[in-house]
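S.K.: Since each chain sits alone in its own frame, please combine them into the complex, following the hints.
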Amino acid sequence: RKEVEQDPGPFNVPEGATVAFNCTYSNSASQSFFWYRQDCRKEPKLLMSVYSSGNEDGRFTAQLNRASQYISLLIRDSKLSDSATYLCVVNPGGFKTIFGAGTRLFVKA
Amino acid sequence: DVKVTQSSRYLVKRTGEKVFLECVQDMDHENMFWYRQDPGLGLRLIYFSYDVKMKEKGDIPEGYSVSREKKERFSLILESASTNQTSMYLCASRPPSDLSTDTQYFGPGTRLTVL
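Line by line, the protein sequences are chains S and H.
According to the working numbering, the first sequence is numbered sequentially starting from 1.
According to the working numbering, the second sequence is numbered sequentially starting from 110.
Keep in mind that the hints were calculated from the coordinates and are not lab data.
In this text, a Cβ means the ideal position worked out from N, Cα and C, and glycines have one as well.
Treat the hints loosely; a few may be bogus.
So, partial list: chain H residues that the calculated Cβ filter (under 10 Å) puts toward chain S [claimed, not checked]:
#, residue
1, S116
2, G125
3, L150
4, D211
Calculated lysine to aspartate or glutamate pairs in the EDC-like style (CA-CA distance at most 20 Å, straight line) [stated by the list, open to error]:
#, chain 1, residue 1, chain 2, residue 2
5, H, K112, S, E43
6, H, K166, S, E3
7, H, K112, H, D211
8, S, K96, H, E165
9, S, K96, H, E139
10, S, K96, H, E171
Excised from the complex, chain H in its bound form (with noise of 0.2 Å):
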């Protein structure tokens, strides 16, 4: 079974701190997603990466970057942590693309509180 783990299942943080959110994948898999969940409004894509050390922005970058060192670990900083980025934060893995399957195996996600 494919295996995603976030080092948090719930985070509380300060108005401006820096936040770091890992996510590990055990499953070789070369794309991974940050995604960030809110109601009503669904999972949006903040960053993902297809390979070591490459990163693209997704729907939402603002406020946040990320770091791929090695193929199986995806990070996620907050530089400066602000109360609209409360919310819950889900990383997903996913194998090479292929159109005909779109499995992103998902870690359980982080419930970040900023105050």
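Just chain S, same shape as in the assembly (with noise of 0.2 Å):
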């Protein structure tokens, strides 16, 4: 089993649509949680921490259980330039992070 996995998509939806992406990890005692973007031959970037409360950056809302081991990321009202893989990370702790393989999102007019 893959010490974080998502679902690779890709995600196809129209403009102004709410999607949801979920990952799960396996490694229980994880700290922190965060979500990175990546456009198409570009490198990765922070998009958004998560944590235990949830928390919200205008239209992406990222969500944390740690019961279930998994934290989501949901985007209201959709932009074409949201168009791009989404990378859930898992930091164990200590200096290494955890990469997902990414979910490949679509947005279209």
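M.R.: The following block contains the structure:
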């Protein structure tokens, strides 16, 4: 079993739709969680951290469920510019972080 | 803005060649990382460094070595390139470890093809 698993997609949604991605992790001692965004042929960039209480940044909402060991990312009112690959990232402690393989999102007009 | 640069965007080498990938960051970060990214596998950590001359193996160090002689520069070396090392190589830097944030700043990547 992979340490961090994501549905690879692709998710194809129309503009304005709400879309949600889940990510599961295997190490119950993991301490911090993040979502990165990677555009086609570009480097990953931090989108947002994920806190136990959940957090929101504009149209993006991230949630953490420690009991079930998953994190989620909700995108409301999808824009064409949201088309990208979304990487789930888990820090099990220390220097290392574990990246999921990513979920591809295509937003269509 | 943090800037991480990599020496080449595209590189083509032959099997058995020694390959050097250079990474430079301008934010005085202690931590630097080398990953490779392959379809369906995500980013996998090859090596990381938490200080000058310090290095630690990541998850897939076989066939690679690294060098960090200066804080701003972290080099990845393929001693004898093989076709299974064809991949996208991404360098990243990060400020001192802080569990509340994991902002790794990535370079643009080097797409290496080994023939």
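S.K.: Under the constraints set out in the numbered hints, which ones does this structure not fulfil?
M.R.: Numbers 1 and 2 - these are the hints that the structure violates, sorted from lowest upward.
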